[in-house]
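Which chain is which? The protein sequence lines are H and X, in order.
1 is the number of the first residue of the first sequence in our numbering; add one for each residue after it.
1 is the number of the first residue of the second sequence in our numbering; add one for each residue after it.
Hints are supplied without guarantee of correctness; some may be wrong.
[Said to hold, decoys possible] Below, a list of computed lysine-lysine pairs in the DSSO-like style, where the Cα atoms sit at most 27 angstroms apart:
#1 H:490 to H:167
#2 X:861 to X:778
#3 H:485 to X:851
#4 H:220 to H:124
#5 H:375 to H:485
#6 H:164 to X:861
[Stated by the list, open to error] One-sided excerpt, in silico: chain X residues whose CB lies under 8 angstroms from chain H:
#7 560
#8 568
#9 570
#10 575
#11 670
Derived from the structure by calculation, the hints contain no laboratory data.
Here a beta-carbon is modelled for each residue, glycine too, at the ideal position from N, C-alpha and C.
This is what each chain is made of:
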Amino acid sequence: MKIFKFTKLPLLLWVTIAVPFASCSDWLDINSNPYVANDQTNIDPGYLFNYAATTHSSNRQGGDFYIPLLISGQTVADGGFVDLGGYWSESLYDISIYSTGNTWVTAYANVGTNLIKAKEFALKNENINAIVQAEILQAQALFEMTMIFGDVPFSEALNIEEYKTPKFDTQKDVLDGLLVLLDDALAKVDLDSPGIQQYDIFYGGDMTKWAKLARSLKLKILMIMVDKDQSKEAAIKLLVEDDAIGFINEESEWIFPFFEEASTQNPNFRINDRYAAPGEYYMFFAHNSVLDLMKPLNDPRLPVYFEKGVDGNYNGLLTSEDVEDVEGVYLTSPINFQRVWAANAPDVMYSFSELSFHLAEVYARGLGVTQDLSKAQEHYLAGVESALGFWQIESAEVDAFIAQLGDISTMNQEDALEAIYSQVWVDLMLRPFEAWVHSRRTSFPELTVPELAPYESLIYRWVYPDRERNVNPNVPSPLPEITDKMWFQK
Amino acid sequence: MKKVFMALSFVMVFSLGNILAQTRTITGTVTGSDDGQPIPGASVFVKGTTMGTITQIDGDYSLSVPQDAEILVFSFVGMESQEQSIAGRSVINVVLNSSAIAMDEVVVTAIGITRQEKSLGYSVGVVNSESLEKAREGNVINSLSGRVAGLNIIQSSGTAGGSSKVVIRGQSSLGSSGQPLFIVDGMPISNNSLSFGINGAVDTGSRIGDVSSDDIASISVLKGAAATALYGARAKDGAVVITTKKGSKNSPAAVSVNSSVRFENPLKLPDFQNEFGPGPGATGNYSMNSWNGWGPSLASVSDQKFPIFTGEDVTLKAYDNNVKDFFETGVTLANSVSIAGGDEKSDYRIGLSSLNQEGIIPNNSYDRYNVTFNGGRSFSEKFSSRVSFSYVNIASEGRAAQGSNDPNAIISSIFSMPRTMDVNLLKDNWILDGSPYPLGSGGVASTNNPYWILNKNVFTNKLDRVFGNLVLTYKPFKGLTITNNAGVDFFFDDSRRVWAKNTLGENKGRFITYNQDNKVLNNDLLITYDYDINEDFNLKLLAGHNIVQTTTELVEVDAKDLLVADIYSYANAQTNSPSNTYRQRRLVGVFGDIGVSYKNMAFFNVTGRNDWSSTMPLSEQSYFYPSFSGSFVFTELLENNRVLTFGKLRANYAIVGSDTDPYQLDYVYAPVNSYFLQYLGSTAGRFPHGGLLGYTSPGAYPDPNLKPQKQTGFEVGFDLRFFNGRINLDATYYSNLTVNHIALVDAPNSTGYFNFRKNAGEVSNKGIEVMLGVTPVKVGFFNWDVNFNFASNKQEVVSLDPTITELNLTSGYSGLQIKAAVGEPFSLYGIAWERDEAGNIVIDGTTGFRKTQATAQNLGKITPDFTLGIANTFSFKGISLSGVLDIRQGGVMYSNTVSSLRTNGVAEETMLNGRNAIIDKGVVSDGNGGFVDNTKEISAYDYWTQNYKTSNTEANVFDASYVKLREVTLTYNLPKRWFDQIFLDNMSVGFEARNLWIISSDVPHIDPELNFFSPSDVGSGVEFGSIPSTRSYGFNLKFSL
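Chain X with its partners taken away, still in its complex shape:
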C-alpha cells in the first residue's frame, strides 16, 4: 500500500509543468426565468462526461472543458435542464425555465458516480445544501429528519453535540446497530460513537456530527441494496453520500459568509404538582430528608415552619418553576466563511466554520471548528486531480450523565426535586468545606447536590480529526476514464469522566480517561468506459477495485483515590487501572457495473462485487453478490402528453453480503482488568487483586465456520410528474430479507458460556415510500409548494436459531429488554400486568396492588407503523417561508423519567383524587376462577409507588406516536439593487427554528423521541433519566462578496 501512495504523489508533484494548455474555460451565469434571480447550486457539466461544476451563490460558474467538448448541460432542481452548444464561446449565460420537476436531475450515487436520476433503477433521497444551511443543526444528520422517506433519525438527548442514530428502511440486523455507511467525497468516514454503557450513560456524540453543514453541497441517501451494491458489505444498511462544495474555474475569489445565532430551551418539561412537599410517604409528614413530593399538603401546614437543608426554618411554599429555572437558555453561534474561485486550470474552495454551543444544562458546552479545502487542477486535457481535506477540532465540556447507578446521573434528581425546593438556594449552596453541601440526612444523605455534580464532575472531550482524499483522473481517450481515489480518516478522541473527591458515592475521587485512536485508509480505483454503440444505444462499463483498512485502538485508564482534590493526573491517584483494546480489519473488493441505455428511455444495469474480508474464516473470506436494476421512461413513448409530463418505472433486485467484527472466530483467553459488581458498576472490581492478575475464557462460544450475512432486496417504483411538474408522485415498494445473521445466541449458562456466536436467523423488512410534491398555487411571483414524504416499514423476524424463540438485542434496567422474537418485529419486553380474559388488570385483593406476570412479555414494537413528513414552502419574490411537520404513528417507548416523576409524587397526575385513597380500576379474583371488580382502597402513596415503579415495565410504556412541527424557516433574499453600489454581491437574512412544538403525543412529561441507547446499540425506544431534547430558534445572515 505504502508504495502505491508514494508513487502516486510522485506523479502529482513532478508532472505539473507538462500538462497545461489543453483545456479551455467557459464561464457564465445561470438565472431563473421566473424572477431573473441567479440560481446557486445549479449543475453544469460537459455532456457525456462527469466533468462539471455547480454554480455559486450568485449563479456564476466557471468550468474548464476539454478542447473537444461540444455541449454543456445545465440543470437544477425544479428547472428544465438545458443543453448549449459551446461553439467556440467562452461565456455562456443561461436562463433556466422552471418546470418544478427534475427530469434530468443529476444525483450522486455509489462510489461517487453521478447519474441522471431518470436512469436509476432505484430510489435515492437527495437533500441539497439550501435546506442544510437554513436551519443549521449541530449534527448535520438531524437536518435530514422529515426530508427523506424511509430515513429514520433518532436523536438521543438534548446534550450539546449529542448523537443521532440513523436507520434506513428499518433495522435489518440482529447483531449490529445497523448504521449506514457515511461517505464524504468518496471517502468512507467513521460514525463511531464512544459508549460507556447504560450506567451514567454520557451522550458522547456521533462522529458524523463532525462535518460542518456549510461545507456540504448535497447529500444522497442510498436506501436499497441495489443502490449500495457497489459499496458492498459496508453499506448493507444503506449509505449517506455527502458531496462537499467546490470552487469554480475561471471565477474571481468569492467570499461567502453565513452566520447565525440560535437559542435553545427544553422542548418539553414535566408537568408538576405544586401542592405537596417532601416526606417519607406513608405518614404524609414533612421531612427535609426526603427528595420527593410525598409530604404534607402545603395548604395544611401554611401556619408552620419547617427546617430545610440550609438549617433555616421556613414556611413551605411551592416553587412552581424550580425545574424550569434549573435549565439555562442554550446559545449556539454558527459562523462560516468560505472563499472560492479558480483560474482556467484550477478551482479551489477554502472554508472555515465554527459552531459554539452552550447547552441547556449548566456548564455544558460544545465548540467545533472546521477547516476544509477542496481544490481541483487540470494538468492536461487528459489528466486532472482533486484534493479534498477537512480538519476538525472539537472541545466539549459537561455532557451530563444519564441512566442510573452513577452519582453523576442527575436528571432524575432534578425532576424529582421537592416542589418546595428553591433551585437558586441549591445553586448557591452546593459546596461546604470542600464537600457537597449536604441535602439532609436520612434518605437524601447519599444524594449529591446536583450543582456539585455540574460544577465539579465535568465530563470533558477533545477531538482532532483529519479526513480527506486525493482523486486522480486520467482520460486517455474519449469515453474512457480512470480514476483513483485514495483517502484517509484519522481521529483522536480524548475523553474524561470525573468524580471529584468527596462526591457522595465516589468519595475518594476518581477519573477515567478514554483515548480512542481511529484510522481508516481507503482506496478506490475506477475505470469507466462510456460508448455510444449507435444513435440509440449507449453502453457504460465500470470496473473497480477497493481496499479498506480500519484500525481502532482504545486506551482506558481508571484512576481512583485521589491524593489532592481536583488534580486529574494519574500520578495523583492511589491506583491506576489501564486497559487497551485494538481492532483491525481489512477488506478487498472488486466490482463492476454494466449499464445499457436505449434512447434516453430505457436503462438497465447489472453490477457485481466480490469482497474478501479479513474478519471471516478462510473458507468464507470471499463472497460475491450481484445486483440488477432498470428504469423505463415510458412517457418517451407518449407524444406531448400535457397531463402526464414525465413517467418512469423502475425495478431492481440485489444481494449484499457482509462480514462480522474482527477477532470473532478464535477461542481466546483474555487478560482482564475489571469485573462487574452489582450496584457498583460493570468495571467496579479491578485486577490486580492483591497483586494477582486474571485471565478469562470468552463469554461467547465461537464458531470458527461463520458464514457471511446475506441480504436480498427487491424494489419496484414509479416516478410520475403531472402538469409540467405541478404534481410529482414518486412511490417505492421494497422487500428485503436478511439471512445468516451473525448474532450472539443465548446459551444456557450451565454450559459455562453466555452465548454461541453463530449464523442465526432471518429478518425481513418490507415497506413503501411515497413522495408527493404539489405546487397548489403558482401565481406571478408567488409560489406554494407542498411535499409529502411517507414511509412505512414492516419488520418481521422470520426465523431464529432452532434452539431459541427469541433473541435479546439490548438490555436496559430491571428486566427491560429489546428482543427479536419469531413472527414479530423488534420489540420492547418487560414485566406486564396480569389480565383477565376481558383484558382487565388483575389486582391483588389483599394488597390492592396490580399483579404482574412472571415472565417478560412483548409490550410493543419499537419502530413506527409509518412516518410522514410534510414540508410547505411559500415564496414570494425574495421571501421564502417554509415549515416541516413530522408525524410518527405507532411503536412504543419506555420512560423511566415518567416512572420516577410518579413514584416520587411530583408529577401532576399524582394529585389524582386529591391524594385521597384510591380504588384502582381492575378486577380481583373471586376465589373460584372468576373475577369481580376491585374494591380495595389504597393510599395515593401506595398506588403510585407500587404500580409505577421502574420494574413494572408496562406501567411506563407509552405509544410513541407524535406530530411535531420540526422546522420553520423564513428567509429574505435582499434585492440586489439595494447593495449594487457597495461591495456586497448578495445578502439574505432569515429566521430559523427547529423542534418547535410537539403538537400531539401520548407520552406524558417528555419528548417521545428521547432514547438513551447509543447509536452503537441495537435497540432504541428506551429513555432513562435522559437530558430533555431542545427547541431551538435563531437568526441567520448570509452574504457573499
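Pulled out of the complex, with its shape left as it was, chain H reads as follows:
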C-alpha cells in the first residue's frame, strides 16, 4: 500500500503550482465570448441590415415615436384626462425624455451604427448593392431626425474613431447631404444584380425597387426644401421628367411588415391590446381636424377609422378635450383600433398615394415643371384611389367617393391645393410622422394649440435628448424651444 509516500507530497504541491503556471497565459486566454461574432467572422450585411430595419420600424410604430406624434400632431384625439380617456400628456406637448431619447438612439445607434457596419461587411464582400440598400435606409432614418429635431449631427455623426462629439449641421445642410447620399446610392446601384436578398424584408433584393425608392425619397426631400430654396425647383423638374427608373408604384411601396405571430406584431396593436378593451375602454379618439374633412364627403374610410358614438354618429374632439359619454358609454368616436392597428398592420414608410399627392402638388404649383392642373388631377385621383385601396374599400364605394370629389383641373390653384392637402391629411391620419411633416410644411390644416397646453404656438420640434445634451458640447445653444419653427417651415 505504500505506493505514495508522504515525502512525495512536496512534489505534488509543486505540481499544483506548476500546472497553472506552465500554461498560465494559455489558461487565461479565454476572454472572447463564444456566443458572438467579431470582425474576423464574415457576417452577411443583411443580418445587421435586418436589425436596423426592424428596430427602426418598431420605434416608428411604438409608444416612443408614433403615439407622441399622433397625439401632439393632432390627427387623433387623446380624450383628455378622465377615466374614459387616454391620459396622454403629449396632448399638452409634454414629450417624454424616453420618446426623445429612444427615437434619437434608434436612428443613430440601432440603425446608424449597424448600417455603417453592414456597409463595411458589404464592401469586404464586394456587394455594392448592399451598400446602396443600407444607404437608402440610413437616409430615411436621418431624414426623420432632422424633421423631428431640426439641426442634427450628420457630417460628423456615426464616425466614432474620428469624432467623439459630432457637430450639429443645419437642417439645410442635412437635407442637402441626404440628397447627395441618395444620388451616390443611385450612381452605384447595379439594377441587374441583387444586393441583400433574403434579409431585405422590403424588396427581397429587387434593386429596381430600391432605385425607385431613392428617387421618390429625393422628391420628398426636395418638396420640403423648395419653399426655402428655389434652386430645388430645377432639381424637381429633372427628377420628375427623367422617367427611366421612375418613382415607386403600388408594387414598390416602402412598407415594413408586422405579423400575427407573437412578439412580431405591430407595437401599436400590442399597446392597445394590452391597455385598451374593445367597447369598454379606449385610448384614442376621432379628431375634428380629420373628421371635419371626411364627414361632408361621407368618406368610405369613416367606418374603417372610427367607431360610431352611442348616438350613431361619428363625433370628434379637439386635442386635450375630454371624452363625452352617456352613462359611461362613449358618445365620442373611438379610433377603430382593432381594424387600423391590426396585429399585422405594416409600417408604411412611403406609399404610392403619398407620392401621387406630391406629384399632384408639383403640377398644381408648377414646381420646376409647367403648371398643369390636368396632370395634377391625374396624380390626385391616383393618390385617392390608392389611399382607399389600402383599406380594401369596395370599388363601388371608391367610385362613389371619387364622383363627389371635385375635379381639380377645373379649380384655381388655391382650391386645388386645398383639395390635395385635405386628402393628404385624411390619408396620413395614421402615419403621424408624415402628417406632422405635411402640416408644418403646408400649414394645412389650420390647427389650434390645445386648450390646456402651456404654449402660445403649435409644437414644431422636439427638444434634444438628455444624453446628447449632457455629453455633446456641440448641441446648439441656446436650446431651441419646442415652439420654434424649423428652417424648412414657412
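Keeping the supplied structure of chain H fixed, place chain X upon it in accordance with the hints.
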C-alpha cells in the same frame, strides 16, 4: 487542474492506513467562573499552531494534539484567555475568568488564517453564532445589521426569501454594485442574484441567503483593503468570512436541536383616508370604473346606492382595513438538528436544517433545506484533512412582481384600491369563465383583479446548490504548515415567470423560464512558517497560490401565446424565443505575507499579491499590490495599570487592484433575439421577425487597453479597554481612494454608441467607525452590557472622465437616476421644483401648479451621514434579554408608493383642507422678475395629481433617516438540575423578534429601508411598488442531548 484534483484524492484514499497513532486526544469542559455554567463556542488551540477546536453547547471539547504539543490556549469573548500545560494530561477542565474583554481573542482573517485580534493592524467585525441563532433570519446576512460598524445591509423587500445588498464602508465603485466577497470555510461562494430589471421586478433573493445560520460558528467582516489584501481583486469591496461549526474529537455524539416558529406581518402599511369613494376626479362623482379615492364623500351619498363590480347596487361604506386584510400573517418554521462528535483521530458534524416560510403576500412561500457535513481526520501527526460540504435545496413560489410596466406588479393596485372595496369580495370574485373577474369598464378595464395575479401568475423558483471544500494540511516539521484548500460552488437555478392566459395585458398567456448554471472552482495553496527567532521575536511567513474559475450560463426561453391555459410547456406555446449567455473568467494569484512580532506587543505585517486575470488585456493581465499593517499593544509597557487594562494602536496602508467583467475588450457583433418597445418591455420585440434574424453591433464602444482598477486604502485605529474590560472603546479612521474605475461613460448617441467603456474616474470614501462597549452594571448574577456601534462614511466622486461631469449609475422610471457627479457623493437625480432665491417653490400663476426645472437636479445623496447600532443585553443567571436599536441619519429615498397613494387620493393627507380647494404654498412671478405669494386656488384633485405625480421626483423624495428597534430577544437557559435525570443535556427557550418598530422616520406610509434595485445594481434608495417589509416575532427552543 483536473490532474491535480485527482492526485490529491488519490493521496487521501490510499493513505488512510499509514498514519495513525501519532497524536493524542485531550478532552474537557470549559466553564465560566461567574456562574459555573458551561461556555459553548470557546476556542481551544495548541499554542503556536492553528490546530484547535471550539467547545460544544455543553462546554465540552475534544482536541487531537500532536505528541509534542505542550500548551493549550483557551479563549472566549469576554473572558480572559488561559494557557494550560498539557503535561501528560488527557482531561483538562478549565474555568475561565470573566474579563468582559477579549485581549487574546482569535479571529478568522483572510484566506482563513486565524490570528489573535491584538496582532491585527486593521479592524475586523466579528459576529458569533450565538447572536445568529437567536433571532434567526431567512437570510443570515440580515442578522449582521446593527452589529458591525461600517457594514450597511439594504433589504430589498418583504418577499419571502428576499435579497439583501451588503455595502462595506460605502460604495467605492462606479461600474459594479460593490458587493463583498463571501467566503465559507475558505471557499468563495457566489452571491449572485437574478435580476429581471425594473419592469415587474421580482426579488429573487441573493445567494448568500442559502447558507443556514445554524451551521455558522462565526462571521468575520473584513472591511479595509489591508484586511482583504490576500484575497486580491475579488475582495476589493470587503469580505464576509463565514466559518461553519465543527465537531470535537474524542467526544460522544452530541445532538443539538434548534427550533423556532416565527410570525410576520407588514412592518408599516400606509395611512389611508376613509371618507371618499372612487371616481374620475374632476367631477367628484362616483364611478365603479375608477380605482382610487377621487369620488364622492361617503357621508354625502349615504342615502344612495351605487353599482359595484359584481353588479350589485350597494350603499357605499369604507372598509378601513381592506389593505391590511389583504396581507396575511406570515409563518416561518425554522428547525435544525445536528449531530457532532468524534473519536481520537476524527471529528464530524452533520447538520440538517429547514426553513419553511409562508410570506405576507398570499401564496408566497419559501422552503429551504440544508444538509451540511464537516469532518476532519488526522492521518498522522503531520498530515490531516478536512471536508466541508453543504447541499441546499430551495423551492419558492409566488414572489410578487414590483416596479411597473408589468401586469403582475400588484402592490400599487392593492394600495390604491378604493376605500369602499371589500377585499374579501375581491378575493371571492377573481375569476369568471376562465378570465379575470372584470373590475368594471373604463379606466379599470385594463386592471387585473389582484387575486387573479396571485392565484394564477405565480412566480416559481427552484434551486439546487452544492458547495464545499477539501482541505489537506501537512506539517513536515515544527513551524511549517502546508495547506491545500480545493473547493467548488455549483448551483442550478430554475425560475419561471408566468402570465396566465386571459391575463389583461398578456391575454394570450406567456411564460419565461430562466435556467442559470453557476460553477466556481477555487484552489488555495498555502505554506506558512512560524519561527521564534529568539525569546522576543517571532517570524510568520506565508506564501500562497490561488486559482479561481467562474462559469455562468443562463438559458432563457420566452414562450408566448399558449394553446391551452395553465400548461407551461414550451410545446404549448405558439412561439418560443430562447436565448443563452455564457461567461467564464479565470484568475491566478500568488501572494505572500511576512509577519514579525515582538514580545506579544508589536506586530508588523507586509503582504503582496500578484494577480493574473483573464478579463484584462494581455498587457494588463498581471498586476501587483502590497499592504502594510502594524499593531502596537502599548499597555504592555505600562505596568499593572488598573484603569487602562489594555491598549492597542493599529495602522495600515494597502493597495488592491481589480479587473473587470469577461468579454469587455473586443468589438463584437451579437445575435439578438429581442429589442425594447415602449410600454411593452425591454424584450418585448422578438427576432426572428418574419423568419429573419438579427445581429447588432455593441452599445458600448470598447477600449482594448483597459487598465486594472486600483484602490488605495489607509486606516488607523485604537482599541482601549478600561477597568478590566468594563469599558471598551475601539475606533477606526479610514480613507480609501479608488482610481481607474472601469465604467461605462455616456457617449453622445450621435456617434452611434451609448457609451465608451473606459477607465474613468476616482471615488474617495473616508470615514470613522467607533465601537463602544460598556458594562454599566455587574452585580452578582446580574449583568448589563451596552454596545454602541457607530459608522460614518463620506463619499466623494473626486474626478470623472474629462468628457463628462456626471455619470449615470442606475435608472429608474420617469427620469429618476442615481448619478455620480464630481465633488458629490452618489446621489438621486430627478425633476426638481423651480424655486425663487429665498427657496420658495415657484407656482404657475395660471394653472396653480408647481413649476419644475427643465434639467434633472441633485435631490440628495443615497447614503447616510452615519449609522448607529445600540445593543443592550441584560442577563441574570440563565435569563438574557437583549435588544438592538438601529439608527440611520441622513440620505434620501424616492418612493413611488407614496406618489401613487397621493395621486390616487387614498392617502390620509389627501383629506387636506377637507378636500376643499387649496392654495398651494409658494410664489408666483409678478411679471417683473420678482415674486409674490401664490393666491391661485386649485381643486384638491388637481393639487395632488399634478404636484405628486411620479415624474415630479422631488415631490416624492424623503429624508431616509430612521430609528428602528431592530431586534429583541429573550432567552432562558433552563437550569441543568431540572433535567439532570433525563436524557437532555441542556435546554433553552426564547422569544425572538426582528424589525419590531419604526420608532421614527420622515418617510410617510412605508418603511424607509425599502429598495427595489437588485443587489447587482449600483444604486439603492429607490422604492417602486415594493412589497412592504415585515416585522417578525416568534419563539425558539434549543436543546442538546
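These are the hints, each one checked on the structure:
1. H:490 to H:167: holds (26 angstroms)
2. X:861 to X:778: Judged against 27 angstroms, a Cα distance of about 43 angstroms means the pair is violated.
3. H:485 to X:851: holds (25 angstroms)
4. H:220 to H:124: violated (32 angstroms)
5. H:375 to H:485: With Cα atoms ~33 angstroms apart, residue 375 of chain H and residue 485 of chain H exceed 27 angstroms; violated.
6. H:164 to X:861: violated (31 angstroms)
7. 560: Holds. Min distance 4 angstroms.
8. 568: violated (15 angstroms)
9. 570: violated (13 angstroms)
10. 575: holds (4 angstroms)
11. 670: holds (4 angstroms)
Hint compliance for this structure: hints 2, 4, 5, 6, 8 and 9 are broken, all remaining hints hold.
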